[in-house]
Amino acid sequence: MLDVALVSLIQDMSEKAGVEGTIQYWLRVGENLARRMGKEAYMGWPSFNVALREGRTAFSIEGEVTALTDLAITDVDGDVVGYIYALRECVFNPTITRIRYSVGEVPEADRLVAEEYNNSIQDTAVCNFCVIHQKFREEVAKNITVAGQQLECLQLADRGFTGETKIASDSLKKIGINEEYVRSLLRNYACVYAIIMHGARLRGEEEEA
Amino acid sequence: MRKKELVKDNPLVDVAAYLFLEDIADKQGAAGMNTYLMSLAAALARSMPEEEYDSWDSFVEALKNGDSALSTFEDVEMPTKHCVVTTESPFLRGWQEYTKRIGNFASIHYEVAEYYNSMVKPGAIDSQDIIIQTYRSEMAKRIRVEGKQLRVAHIATVAPDGTKKVAPEEWLPILLEKAGITQTMLNMIMRNNASVWIVYTE
Numbered sequence: 001m002l003d004v005a006l007v008s009l010i011q012d013m014s015e016k017a018g019v020e021g022t023i024q025y026w027l028r029v030g031e032n033l034a035r036r037m038g039k040e041a042y043m044g045w046p047s048f049n050v051a052l053r054e055g056r057t058a059f060s061i062e063g064e065v066t067a068l069t070d071l072a073i074t075d076v077d078g079d080v081v082g083y084i085y086a087l088r089e090c091v092f093n094p095t096i097t098r099i100r101y102s103v104g105e106v107p108e109a110d111r112l113v114a115e116e117y118n119n120s121i122q123d124t125a126v127c128n129f130c131v132i133h134q135k136f137r138e139e140v141a142k143n144i145t146v147a148g149q150q151l152e153c154l155q156l157a158d159r160g161f162t163g164e165t166k167i168a169s170d171s172l173k174k175i176g177i178n179e180e181y182v183r184s185l186l187r188n189y190a191c192v193y194a195i196i197m198h199g200a201r202l203r204g205e206e207e208e209a
Numbered sequence: 210m211r212k213k214e215l216v217k218d219n220p221l222v223d224v225a226a227y228l229f230l231e232d233i234a235d236k237q238g239a240a241g242m243n244t245y246l247m248s249l250a251a252a253l254a255r256s257m258p259e260e261e262y263d264s265w266d267s268f269v270e271a272l273k274n275g276d277s278a279l280s281t282f283e284d285v286e287m288p289t290k291h292c293v294v295t296t297e298s299p300f301l302r303g304w305q306e307y308t309k310r311i312g313n314f315a316s317i318h319y320e321v322a323e324y325y326n327s328m329v330k331p332g333a334i335d336s337q338d339i340i341i342q343t344y345r346s347e348m349a350k351r352i353r354v355e356g357k358q359l360r361v362a363h364i365a366t367v368a369p370d371g372t373k374k375v376a377p378e379e380w381l382p383i384l385l386e387k388a389g390i391t392q393t394m395l396n397m398i399m400r401n402n403a404s405v406w407i408v409y410t411e
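Going down the list, the protein sequences come from chains U and G. The letter at position 74 of the first sequence is residue 74 when you use my numbering, and the numbering goes up by one with no holes. The letter at position 95 of the second sequence is residue 304 when you use my numbering, and the numbering goes up by one with no holes.
It is worth saying that the hints were derived from the structure and are not from the lab. Everything hinted at is true.
The list that follows gives simulated cross-link-like pairs (lysine-lysine, DSS-like), each with its CA atoms no further than 30 Å apart:
#1 G:Lys330 - U:Lys16
#2 U:Lys142 - G:Lys309
#3 G:Lys330 - G:Lys373
#4 G:Lys236 - U:Lys39
#5 G:Lys236 - U:Lys142
#6 U:Lys16 - G:Lys236
#7 G:Lys290 - G:Lys387
#8 G:Lys350 - U:Lys16
#9 G:Lys373 - G:Lys273
#10 G:Lys309 - U:Lys39
#11 G:Lys330 - G:Lys357
Bound conformation, chain U alone (with noise of 0.2 Å):
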């Protein structure tokens, strides 16, 4: 029910503070919602996966993680740097759906939040919460440590409640991994990003250098 009352006034909101307004309280509600889960710290990838897999970490809160495993982010070296992960549900459909027959429709404010981040932030939000969960999933690798090192979080593509899709080029270069893969994972995942150690040395940032 929280959730649909949220919702309800997001339209409020965005009126009163603008939908710029909302995105600032959208980000400091994700910045926040990672700094009470926190730390975390993991002997290796193996050990954080199964965490994962097991929904004993922080990301876990936003449903069915999938690790890909088959899909490892290697550095110049040729070292595991990183994964990708696939969410199996939007973390919002639920509650679209709730509000669609609940209250009716989804408020005009949730389409313009996105459009606002995808204009000044980045291009990747289907909705208006992608703002609060992208932002959360940053800033909780931050948290995290796997051998000792922390972790960063780059969205990669997500596919929203009608379809649309969103897919962020410039980080698939950096990790070396092909659109149209990543395109075809949508089918039957709503969210994928990669988690890869903080400051590693990736082989498509050096190939563009």
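Put chain G on the given structure of chain U with help from the hints.
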């Protein structure tokens, strides 16, 4: 759409919403948070379509089936024609996820309820009660049964941790009479349900 699917919520969205409310409380205190919670619930009720029923029985049927906006977010049972029992708090999953992932439910959620109890009406244990009770009251204003406006009154609420809050002693006999239940029945209902409230028209 089956009602159960509507009741299911996403923990991340709910936990984020709690933190959003706490962020407001940091800036505006319990009074500001109370205002915000009430306007949040009122805005939600206003966004719902109005309802009208020809008879009390058809309203009761809609309420029990979750067809009325008054029970869209809750699973309800009706031991009598005026007594409504919410079997599970609509916030339960979010609260459980919050306590699992974040820790103790922040004290501001209880402080704001104390403010609400002293300034608005007694009946809340935490911020969640303010939202649901305000929503029910505001939604009732948008429902007419046999041409009369529906009214809602709250008898008791039970928090996810088992804490109970019952209406003040001086109000209780009147509320129980309207509900058509006894004090003993109320105690029995509270053992394994989330809240007890009544619906009536003047």
